[in-house]
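Asks: Residue numbers for the sequence shown follow full-length UniProt numbering, beginning at 1 and rising by one.
Any given hint might turn out to be false.
To be verified - PhoX-like cross-link-like pairs, simulated, lysine-lysine; straight-line CA separation at most 20 Å: (1) Lys-477 <-> Lys-670; (2) Lys-130 <-> Lys-173; (3) Lys-670 <-> Lys-130; (4) Lys-586 <-> Lys-420; (5) Lys-238 <-> Lys-173; (6) Lys-130 <-> Lys-167.
As the list claims (entries may be wrong) - Computed beta-carbon distance windows for the label pairs: (7) Arg-617 <-> Pro-415: 46 to 54 Å; (8) Gly-91 <-> Ile-419: 45 to 53 Å; (9) Glu-352 <-> Arg-254: 45 to 53 Å; (10) Trp-584 <-> Glu-554: 39 to 47 Å; (11) Pro-291 <-> Ala-137: 29 to 37 Å; (12) Pro-291 <-> Arg-254: 16 to 24 Å; (13) Trp-393 <-> Ala-423: 40 to 48 Å; (14) Ser-612 <-> Glu-554: 41 to 49 Å; (15) Ala-137 <-> Ser-252: 19 to 27 Å; (16) Trp-393 <-> Val-654: 22 to 30 Å; (17) Met-470 <-> Ser-219: 19 to 27 Å; (18) Met-557 <-> Leu-418: 20 to 28 Å; (19) Gly-91 <-> Ile-575: 52 to 60 Å; (20) Trp-584 <-> Glu-616: 29 to 37 Å.
These aren't lab readings, by the way, just hints derived from the structure by calculation. No residue lacks a Cβ here, since even glycine has one placed at the ideal position from N, Cα and C.
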Amino acid sequence: MMQATDTNSATSSSSAASNSFHLRWSRLTKTVQLANENKGLMRGSVAGGASSANKDSLKESTLTSSTKIILDAVSGSAAPGQVLALMGPSGSGKTSLLNSLSGRTVYESGDLSINGTTLTPQAKKRLLTKIAYVKQADIFFSHLSVRDQLTYTAMLRLPQDLPTAHKVEEVEKILDMLRLTHVAESPIHLLSGGEKKRTNIGTELLTDPSVLLLDEPTSGLDSTSAVSLLQMLQHLAKQHQKTVITSIHQPSSRVFFSFDKLMLLAQGNVVYFGTPRHSLEYLRNVNLACPDGYNAADHWMDILVKSNSASSSTKQDQTNLTTLTEQDSSDADVEDSFKPSNQLLIEAWDNESIATQVDEDAKKHKEQQAALQQDSSAVHEKEKKFSKYNTSWTMQYRILVHRALKNSRSAIFTPINLIKSAALGIMVGCLYFQMPYTEASVFDRNSFFFFAMTYWVFDAMFNAMMAFPMERIVILKERSSGAYHLSAYFMAKTTSEMPMRMALPAIYMTISYWMAGISPRVDLFFLTTLISLLSVIAGESIGLLIGASIYDMETAMATMTVMSLGLMLFGGFFIENVPFWLTWGKYLSPFKYSFDASRQLVFDRPVPCDGSGQLERLCGLSGAENNEFASSEDVIEALGVQGSVLFNALMLLVIGLVPRFIAYLALRAKKEQDR
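Using the sequences and the hints given, assemble the complete structure.
Replies: See the structure below:
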């Protein structure tokens, strides 16, 4: 049967630019392990290199070991200057193939080569800098502008020794090439779908990759925007000799025929590889011809999604069956006609001949490069030039701090948050307005500080808890491209947002403290404010730990609610007599340490007795001449305050550091799982 063995010749590759990559893959096989009937899929471990010769045994073992093949000996190639489209229904293996080609996931067997040289596992990691991968979702920090996004990417991913002016120039070139200049200063969340997609592509193009992989870039775009985007990719491939591979679900007829090459997948198998126009001839050869005037892409999708049930047979299949019967076909032919069309296409495609052709082309390419004294060592020399990170840890930290400050300023230090802090300070200041320093106000002062320490610790806890789950997908995307160390991100994130989070309680304390008349001493104001800020840092630390450990927002919120309320109850305001077997809990509570430290500070002098009976045990009977004052030591003891100011402050600092470190370890553990 006729096959569309339309692989690219080695000769065309040799004429490409020196930094162009001719990508070939042969017999790529990838499986997932089925946990059980009710649970989802979990990735199987990397197996030894299986060849096509033992493919049948691999399938047999798949059935007995509850694994599913998602890429079944897939072979093909993509050349510089051309756009290869991967088409197929959902679950056909398009994204899995892109993930494997990008080097971001492993495959069980098969070969991947660049310019004829088979890549080793180590080489794949190093070549990530030359293979850009644009995911389907446009993932950004939405408060940043387009120019900010591209500039920070350039600073992180371009070589550190490259002058800053040159990096800025590269950003301007990308903005101009992708027609983004008019929205360069606009926040990303205000962009249209097409503009976001071009920004996503521009982020990857900054590093001048040789290969550009795109996962359904037209998803969510209208037809005009989709055509415009694909025309831009065609121009990029031809004018800059890029190797472009894009998956696409169901393109229009115009888009379908604009691709240079087409690979169609069904159930992890290749059913066609060649030019779009030749695909129609191939369908005629297998008795699945596209009707006149019908969209070729729609027809391909119709026959690829055919159900395995006999009831799903279309009129075309029935016609084929009648024709075969009338021609006195064999029983096998009649039996084949009952098979779904996608299964017929899988069986009809001679995958092994394509794999053999790909291997031969790779060998010829390698020999030709050697003849031109550009042997395979050139690829490995390039690998040596590229480390995983193009910038030092210090540089990454500085850039990420700058980005986090800009992003946090838009997300945390907003006008509404400033107004909220000031309004809350005024409201509390009015309620506690100019309290006299007497026996009657002891418990009011007590509650003033408990509210201040509780509210802002809660605020820091819950805001910090949401930081990592909300940013996780952005971090995974950027780190998969080798943008920065996880430790650099973590340090930048925690240190840059700390001043922002402390600014709001500082505003609150400044207003409420003086309105409430806590003390005329300025030093006391600064000390109580410092304790408040330390409690915020401690609360933020606990929130970061929960957020780094639990990515599911609902679970994290429930955990945070139970933990924060439990720690608050140990704070010493609501309950004094804690059961002895739970007394350890108070030593973990930032509420207790901040509350105790603030009361140590505020009750710094004897409290005048006024006959109100609030401190009856200390002041005695009302008006007793020998009990005009209750000593500060007695008041502090009566309130159950423990530890000195310094001790409580140090404990807040410990809580601010230890959970933060554990949060980093949790992030590292999550990173390994995500891999």
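Asks: Next step is simple, just say for each hint if it's right about the structure.
Replies: To see whether the hints hold, each was checked on the structure:
no.: 1; hint: Lys-477 <-> Lys-670; verdict: holds, 14 Å
no.: 2; hint: Lys-130 <-> Lys-173; verdict: holds, 19 Å
no.: 3; hint: Lys-670 <-> Lys-130; verdict: violated, 26 Å
no.: 4; hint: Lys-586 <-> Lys-420; verdict: violated, 30 Å
no.: 5; hint: Lys-238 <-> Lys-173; verdict: holds, 17 Å
no.: 6; hint: Lys-130 <-> Lys-167; verdict: holds, 17 Å
no.: 7; hint: Arg-617 <-> Pro-415: 46 to 54 Å; verdict: holds, 49 Å
no.: 8; hint: Gly-91 <-> Ile-419: 45 to 53 Å; verdict: holds, 50 Å
no.: 9; hint: Glu-352 <-> Arg-254: 45 to 53 Å; verdict: violated, 34 Å
no.: 10; hint: Trp-584 <-> Glu-554: 39 to 47 Å; verdict: violated, 29 Å
no.: 11; hint: Pro-291 <-> Ala-137: 29 to 37 Å; verdict: holds, 36 Å
no.: 12; hint: Pro-291 <-> Arg-254: 16 to 24 Å; verdict: holds, 18 Å
no.: 13; hint: Trp-393 <-> Ala-423: 40 to 48 Å; verdict: holds, 42 Å
no.: 14; hint: Ser-612 <-> Glu-554: 41 to 49 Å; verdict: holds, 48 Å
no.: 15; hint: Ala-137 <-> Ser-252: 19 to 27 Å; verdict: holds, 22 Å
no.: 16; hint: Trp-393 <-> Val-654: 22 to 30 Å; verdict: holds, 26 Å
no.: 17; hint: Met-470 <-> Ser-219: 19 to 27 Å; verdict: holds, 22 Å
no.: 18; hint: Met-557 <-> Leu-418: 20 to 28 Å; verdict: holds, 26 Å
no.: 19; hint: Gly-91 <-> Ile-575: 52 to 60 Å; verdict: holds, 56 Å
no.: 20; hint: Trp-584 <-> Glu-616: 29 to 37 Å; verdict: holds, 33 Å
Hint compliance for this structure: hints 3, 4, 9, 10 are broken, all remaining hints hold.
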